[in-house]
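Trainee: Spelled out from the first residue to the last, the chains are:
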Amino acid sequence: MKRILLALFIFALILPLGISAQDDTVVVLWPTQPDSLFPDFAVTATAGYVITNVYSRLVAPDLTGAIVGDLASGWEVSADQLTWTFTLRDNATWHDGTPVTAADVKFTFEVSSDPAYTGGSFEAAIAGAVAKQSGEADEVSGVQVIDDHTVSITTTEPNALALSTIAQRWILPAHVLSDVPVADLAGSEQATGPIGTGPYRVVEWRTDEAIILEAFADYHGHVASIANYIWKVVPEISTHYTELVTGAADISTSIRAEDFESIKDEPGIATLQFPGVNLTNINFNTASPYFSDVRVRQAVAYALNRESMIAVGGGAGTLTVSQVHPSMPEFNSDIVPYPYDPDTAAALLEEAGWIDADGDGVRESHMVEGLDDGTPFSVELGTWSNPLYSLPAQIIQQNLADVGLGVEISVIDFNVYFSEYLTATNNPEFQFGMSGWFNLVLPPHSDLAFNFVEGSGGYARTLWANDRVTELLTNAPTIFDDAERYAAYHEAQAIVHEELPYLYLSRLDNLIAYDENLVLPDIGNLRDVFTSIPQWSWGG
Amino acid sequence: MQQYLLRRLLQMVPVFIGITFITFLMISLAPGDPVVSLFPPEVLDRVDLDLLRDQLGLNDPLPTQYVRMMGRFFSGELVSFAERRPAIDLIFARLFPTLLFSGLAIVCALIIGLPVAIISALKPYSLFDNVSTVSVLTGLSLPQFWIALILVLIFSERLRILPSSGIRPISASSYDPIEMFPYLIMPTFVLVIGLLPSVVRYSRSSMIDVLSQDYVRTAFAKGLANRTVWVRHALRNAILPVVTLVGAIFPLLLGGAVVVETIFGIPGIGRLAVRSAQVRDLPVILSLNIFTAVLILFSNMITDVLYTTLDPRIRLG
Chain A
284 MKRILLALFI FALILPLGIS AQDDTVVVLW PTQPDSLFPD FAVTATAGYV ITNVYSRLVA
344 PDLTGAIVGD LASGWEVSAD QLTWTFTLRD NATWHDGTPV TAADVKFTFE VSSDPAYTGG
404 SFEAAIAGAV AKQSGEADEV SGVQVIDDHT VSITTTEPNA LALSTIAQRW ILPAHVLSDV
464 PVADLAGSEQ ATGPIGTGPY RVVEWRTDEA IILEAFADYH GHVASIANYI WKVVPEISTH
524 YTELVTGAAD ISTSIRAEDF ESIKDEPGIA TLQFPGVNLT NINFNTASPY FSDVRVRQAV
584 AYALNRESMI AVGGGAGTLT VSQVHPSMPE FNSDIVPYPY DPDTAAALLE EAGWIDADGD
644 GVRESHMVEG LDDGTPFSVE LGTWSNPLYS LPAQIIQQNL ADVGLGVEIS VIDFNVYFSE
704 YLTATNNPEF QFGMSGWFNL VLPPHSDLAF NFVEGSGGYA RTLWANDRVT ELLTNAPTIF
764 DDAERYAAYH EAQAIVHEEL PYLYLSRLDN LIAYDENLVL PDIGNLRDVF TSIPQWSWGG
Chain B
432 MQQYLLRRLL QMVPVFIGIT FITFLMISLA PGDPVVSLFP PEVLDRVDLD LLRDQLGLND
492 PLPTQYVRMM GRFFSGELVS FAERRPAIDL IFARLFPTLL FSGLAIVCAL IIGLPVAIIS
552 ALKPYSLFDN VSTVSVLTGL SLPQFWIALI LVLIFSERLR ILPSSGIRPI SASSYDPIEM
612 FPYLIMPTFV LVIGLLPSVV RYSRSSMIDV LSQDYVRTAF AKGLANRTVW VRHALRNAIL
672 PVVTLVGAIF PLLLGGAVVV ETIFGIPGIG RLAVRSAQVR DLPVILSLNI FTAVLILFSN
732 MITDVLYTTL DPRIRLG
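These protein sequence lines map, in sequence, to chains A and B. Just add 283 to wherever you are in the first sequence, counting from 1, and you've got my numbering. Just add 431 to wherever you are in the second sequence, counting from 1, and you've got my numbering.
These are calculated hints, taken from the structure and not from any lab test. Do not take every clue at face value.
[Claimed, not checked] Ranges of calculated distance between the beta carbons of each label pair, as one might list FRET restraints:
id, chain 1, residue 1, chain 2, residue 2, range
1, A, R751, B, Q709, 37 to 45 angstroms
2, A, V506, B, G449, 38 to 46 angstroms
3, A, S591, B, W577, 54 to 62 angstroms
4, B, P555, A, L674, 22 to 30 angstroms
5, B, N561, A, E590, 51 to 59 angstroms
6, B, R499, A, D462, 34 to 42 angstroms
7, B, P574, A, T315, 42 to 50 angstroms
8, B, F447, A, L446, 22 to 30 angstroms
9, B, I542, A, S820, 46 to 54 angstroms
10, A, A570, B, D491, 33 to 41 angstroms
All C-beta atoms, glycine included, are put in the ideal place defined by N, C-alpha and C.
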């Protein structure tokens, strides 16, 4: 018995040494598995990070943000700026060996315009897409197959963003999916064992454990230099540290701020840090009598010590003034964040009619529209049950109490928060909420338009509308001069920053640690970490 | 016996219906909207949520939804809202690791717990008894997540002798027990620490109880060897409550050990359950509840049947 135990113990000592990384394999850590590998139905950012290496697009942004050919070897636009004609590479094939043709491109856009389609990729700007969706037409007139390797896409009106919108569409395999009813696509085989055209092929998806991928030898571009790529699911983030230093994995993008300094000192580990893709913000119900006065919203901005909120919310980050990622040209870098200045906040509140006459520490209304005189300033701040948001919310409560504003925090389940609480139209009691914006979507147009064009989806969250901003954002896609279009976005961001329907708080940094022998290209944001995997190599 | 089993099976039907109906009602009436979780907030604008609700059948009256869901459940076609695959497939894909760890944990807890309990019962309030009582209760009082993280820190990060996450080497293509062995140690240990106190305390007090019975004294008086009395006469009677306990714990373990699964990266049912609840994935939650409920019903029945084998005095009827 003793001998068996001893043997087992020695076994345990020896075995793990065998798991260190091999030269032809890179193990990437992530806390969750994708929800689906069908691009149209994949919801999570996680899925996008895997999909980027499994599928291809007609055109795609490179690491500098410039749009280059992917499945398309070239393209031209008609004189009226309406029709884009793409020439497909003749060497592109699907992972099962079938050549990529114009029919695949056509199929991709047909599917997303189908009346039974429930994915997230419908694009109304393509001519005929709306007609097909509403059942008036059988096909999308704006997408035409010219020959096997030529396809044209026509937009409803000249659109400067057409190419970058097309650069977000993953092309689907018509030969695999055309027999599947559109309503059943989401649950099809393609969601778990996809046939793509990307540099890596999915070999096996092990539920909640790992996705095993291998370099696709017939890839139409540069064949990935690391032959095996394993997406390893490690739900406990603190364990990512252990996995890296023990050599069980090669890179993690989820290092906790409290671990970051010490992992820098670990031998064999290199690190990267850049502004993250998640940001935190407050949105005000601007129709509420408490927050309808812009001076009150500005007072909130001055009253908050946002640096200390970064410290409790995750540790490393930067103050931010816009939802646009600072690495993009659309970001307005001239905007100066509101400084932490409780005196200015107090002065603004006095001006707006909020005065603490009875000296109980909470201001009361005086001549504030929509409120009886003497109403104490007491509002509910909703946030959702994620410490990234609920912990900084306590600082908001404290900071606002310091300037005489009473705040009760209400922590709400994620689903309820977004489906019911957040919108002023659904929830008349909604005053202000603390949440975040998750994705880095290039270009930022759709996100900005969602939030700030009067009547679009995000309007219900603030009930704020500004004619100039609506005009700027509505017209931006028609401005073909890049600098001029960026200027429109800059102006819109400046107005938002002045008017504060949204108060942007901070952008937590992405903290990345990896095996120092891994050679990475120059990367400036989280998305590009994953996009660049085919360009990684083992050096040193 | 057959009649008894038949009656028990028939009794399960109303219980089963009750469980499914209450589960369904609770999730359906809870605030929140399943389709909202299916998209990131920034694309909600572009998605026809009502069409999706229609496709998922969420616009129908609740009784219709309930009947349809149960029908689909029995034909194996109840499809997850979030992943659009049969919920039962999602559960079965995670069944092996869950079964493995539940089984390992119970077996280890019995192997360690029973001898400790018996020795404690034979010499109650001795040094051994006190030490074992204090240690199992200490184990119970320490939060599982803390023990788990400390184990990872010591054995994976500092000593580097055990892997920190997963159930097999990432390069392994099958479940080879030899390759898996180092991955099983820490999670099983944490689960066993959670189970030991009940096993030890139950068996100990039951054993003490039995040892003070008249028939045990008689057995001793007849001059039987101590060992024979303890094992043949006492233990066999004392084990009954432990069987009940195991029958109660096992299905609960199968329902998923969320903390252990999360910290050690085990692809089990617990993580699925938490995620499904977060996104209001009604079909998966319902299937999981039915799964656990059926397990409990059956393990109760098996426990009762086992009673008759262990204790001939008990007759089912």
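Trainee: A separate judgement is required for each hint: does it hold in the structure or not?
Mentor: Cross-check of the supplied hints:
no.	hint	in the structure
1	A:R751 with B:Q709: 37 to 45 angstroms	holds, 40 angstroms
2	A:V506 with B:G449: 38 to 46 angstroms	violated, 59 angstroms
3	A:S591 with B:W577: 54 to 62 angstroms	violated, 28 angstroms
4	B:P555 with A:L674: 22 to 30 angstroms	violated, 49 angstroms
5	B:N561 with A:E590: 51 to 59 angstroms	holds, 53 angstroms
6	B:R499 with A:D462: 34 to 42 angstroms	violated, 26 angstroms
7	B:P574 with A:T315: 42 to 50 angstroms	violated, 23 angstroms
8	B:F447 with A:L446: 22 to 30 angstroms	violated, 57 angstroms
9	B:I542 with A:S820: 46 to 54 angstroms	holds, 50 angstroms
10	A:A570 with B:D491: 33 to 41 angstroms	holds, 34 angstroms
When each numbered hint is compared with the structure, violations occur for hints 2, 3, 4, 6, 7, 8.
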